[in-house]
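Novice: So the protein lines, in turn, are chains L and F.
Residue numbers for the first sequence follow the numbering used here, so the first one is 1 and each next one is one higher.
Residue numbers for the second sequence follow the numbering used here, so the first one is 1001 and each next one is one higher.
Keep in mind that the hints were calculated from the coordinates and are not lab data.
Since the structure is predicted, the reported quantities are computational estimates derived from the model, not experimental observations.
Certain hints may be false.
To be clear about the criterion: a stretch of chain L counts as covered by chain F if any three or more of its residues have a C-beta under 8 Å from a C-beta of chain F, and this derived list gives those stretches [what the hints assert, rightly or not]:
id : region
1  : 126-132
2  : 277-288
Using 16 Å as the maximum straight-line C-alpha spacing, the simulated EDC-like pairs for lysine to aspartate or glutamate come out as follows [stated by the list, open to error]:
id : chain 1 : residue 1 : chain 2 : residue 2
3  : L       : K130      : F       : E1245
4  : F       : K1064     : F       : E1010
5  : L       : K541      : F       : D1079
6  : L       : K130      : F       : D1229
7  : L       : K318      : F       : E1010
8  : L       : K318      : L       : D491
9  : L       : K391      : L       : D405
10 : L       : K130      : F       : D1189
11 : F       : K1070     : F       : E1010
12 : L       : K391      : L       : D370
For glycine and all other residues, C-beta sits at the position ideal for the given N, C-alpha and C.
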Amino acid sequence: MNRRVVSRRVVSGESGVGSGAHRNRQSAWRLVGGGVVLAYSLLTTPDSLLSQDAEAGKVIYDQWCAGCHGETGAGDGDAAAFMLPRPRDFRMAIYQIRTTASGELPTDSDMRRVIDNGMPGTTMPGWRDKLSGGERDDVIAYLKTFSRFFDGASPQAIDIGRQPGRPSDEDLAEARRLFADELQCVRCHGNQGRGDGTSAPTLTDDAGFPVRAADLAENWNFNGGGTVADIYMRMRTGLDGTPMPSNSDVIDAGIITDEQLWRVAQYVRSLSPDDPPARRDVVRAARFEGPLPSSPEDTLWENVEPYYIPMVGQITIKPRWFAPTVDGLWVRAAHNDETLTVKLTWNDASQSPDPEWDEFFQGVVQTMTDIDGPLPTQQGPDRIVVQFPVKAPEGTELPFFLGGDTRRPVYLWRWTSEPDRVEEGTATGLGTFLATGASEVTHTAVFSEGQWQLQFTRSLVPADSSIAATFVPGERLPIAFYAADGTDAEDATRGAISAWYAIYLDVPTPPRVFVAPIVAALFTVGLGLAIVWQAQRQQRKT
Amino acid sequence: MWRILSWLKEPFGQAVALLVGSFLFFKYGIPLFPGSAPVPNSVVLQYTLIALVGILIFVSENEKRWVRFKQPIRATLVDDDKRRLRGVLLAVVPLAVGLVTFNFARPSVGATAGLRAVHPSPPSEIDFQGRTLRIQGLSNPLRERGSMEEHYATGMRIYYQNCLPCHGDLLDGQGHFADGLNPTPLAFDGAGTIDQLEESFLFWRIAKGGPGLPPEGTPWNSAMPIWEDFLTEDEIWAVIIFLYEQSGLEPRTWEVEGAEGAGGER
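Isolated chain L, as found in the complex (with noise of 0.2 Å):
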């Protein structure tokens, strides 16, 4: 309604503009309003949901919904078991992201939010380009017709306050305090918060799927949002289907404050960087005078800029992976002229083989198609492989990024967690391995509360050029990533792979860098002085 009444006011604004060749200050105005108006009401959801059409709905839902969801909201549709988290059951109305209280309802707006935006972190995308207002509201009363609960129910949202101001380090310490021990955030979520705690091998949802503990350092994967006041609410109001309690009655027990809770949220925000990583197609190795870092650990690490690489899995070569526990690796890159060191940084909940995580392995073992073959019946170990082109590639041609082919192949550096080995090799395509003799690649690997890092080290130049990649200072070098969790089923050709990225081996700057600058700057203050002595003069003259 709201907005007929907008659209009617700018077709008048512009004809007011078009039919005068006089453009009269008025009509622009009139045009201006109209945009305003306009924009305004793009940017603002309507409230009520005026004409909800159940009917309409369904044609929506069997068109785009139905596909994951299932015809009769089963959450079984075709491409259900190629998921983890599965899409959700509709029939139980159990909803996981709401503002309504644990075990209520959600409100429309919470349904609509996330058709709006999506889940983070899932692969529920957000619909707000594909479909209209109206068309997402008709799907909610559709989505709704497939439970009885919803029959004259009106959920009401939970009132939340206000989020107190910035958390001075105290009320962080004290936050990080009862995230340990009052609430025991720790038991699923780890002592890092990166969701590998003690509990975290063991968790399914209601339906018996297994389910991961969110990784607290990734908040742009947050199924309902990464905000502080989306972290608060998904603590009041937990996650229901999920293990994800609510933590009002903490509070109602008068265990912890609200503002407590408040803190706990900046808490877990602060565990993310302020911005999701962005990415970027060059991996520069900072130049070392001297020694470079001698393990993961190293504190000369702290000077080496991290670049995140993002995963996704391996769906192109069978057998395929389409929930890959790795979704994005930090690099870090030293040399010294001599020697290359490379660290990858990943979160990852289990060191596996672990028989702690024997559990979650048959619960995703279970849950998971075996469309292209059947899955590991136990676990293996966590893999990592670096990739280079065998020879720096000439003009834009690379080899096939995944593994390259027989006519190009590519250099790799090939690591498992168990045994805790790397092997140098070369590949014409994923899954291939042809091992070098001696490998003149050195490793550390270390993992530590839900986190590995891994450390490469080679020289720049190897011993055999033909079938090793050279690093060459102020030189461009393609490089990709694959990366495995043994606990994920991920044996084989399954798991997560990136696309070609560049390494770039930094030089020492060259003088010219800081020269040319005071040149240019010399020269403008002559020409200025120039100019106004000339001025000057005339000034005088006349």
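Guided by the hints, dock chain F onto chain L, whose structure is given.
Specialist: Below, chain F without anything else, positioned relative to chain L:
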């Protein structure tokens, strides 16, 4: 405040305000239009220079205005009471020039831009699962037999089980794996995507995937699998039907293109 307003009455103030205003518009205004992307800095610079030329032509067109326009510049250069401003400008401008030069001279390492044909010309025939299939003139056999509802349902199953992670629920090429891939997956929604292509072109691209791209389609970074290793011929045709039905687009047909040799230019 009043001083600023009185400056705006002067041609010089107006010219400066106009120049700054047009820069802000190019830089921040244009991206606000629906469907437009941020304007690259070099283009903003170009537009701003054009605006500057236009403004200079305008102020110099009238002799009186030109004199008034130059007045504040001249005053800054010669007046005794402007000595301090003069000094500041003589320091700040060269420093700014130095800074800009430094930013230019500083070594930066960008990605190599590879030119790549998104829709390369298809071959006239391909080898499909061991037999020869003529692509040129080929139309979707499923449109001639069976029920379209069934083909759509089969295509939907194939799409959701195989294509979804990259090409997305919305057919917008923004599936949940899309961000990690380079080149990013193609979109199938909106004009200028699959409505430009014959169904046989899609069949060829799906059957042969990234590794089957001709040289102008390289570098070989496409994650598109070789689908003939996964799907039957009918399944590929069914998913093509699904793509056109779901997006509401029409394929290009061989009949319309006629004897022109439709496979030639793309």
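Novice: A separate judgement is required for each hint: does it hold in the structure or not?
Specialist: Checked hints:
Counting residues of the region 126-132 of chain L whose CB lies closer than 8 Å to any CB of chain F gives 3, so the stated coverage by that chain holds, three being the minimum. For the region 277-288 of chain L, the proposed coverage by chain F is satisfied: 4 residues have a C-beta within less than 8 Å of a C-beta in that chain, meeting the threshold of three. Using a Cα cut-off of 16 Å, the hinted pair K130 of chain L and E1245 of chain F holds, with the two alpha carbons roughly 15 Å apart. At roughly 12 Å between alpha-carbon atoms, K1064 of chain F and E1010 of chain F fall within 16 Å of each other, so this suggested pair holds.
Straight-line distance between C-alpha atoms of K541 of chain L and D1079 of chain F comes to about 15 Å, which keeps the hinted pair within the 16 Å bound. About 32 Å separates the Cα atoms of K130 of chain L and D1229 of chain F, which puts this hinted pair outside 16 Å; it is violated. A distance of roughly 73 Å separates the Cα atoms of K318 of chain L and E1010 of chain F; the hinted pair therefore is violated under the 16 Å criterion. Distance hint between K318 of chain L and D491 of chain L is fulfilled; the C-alpha atoms sit about 11 Å from each other, no more than 16 Å.
Straight-line distance between C-alpha atoms of K391 of chain L and D405 of chain L comes to about 13 Å, which keeps the hinted pair within the 16 Å bound. Distance hint between K130 of chain L and D1189 of chain F is fulfilled; the C-alpha atoms sit about 10 Å from each other, no more than 16 Å. About 10 Å separates the Cα atoms of K1070 of chain F and E1010 of chain F, which keeps this hinted pair within 16 Å; it holds. For the given pair, K391 of chain L sits about 37 Å from D370 of chain L by alpha-carbon distance, which is inconsistent with the 16 Å threshold.
In terms of the numbered hints stated before, the structure departs from hints 6, 7, 12, listed from lowest to highest.
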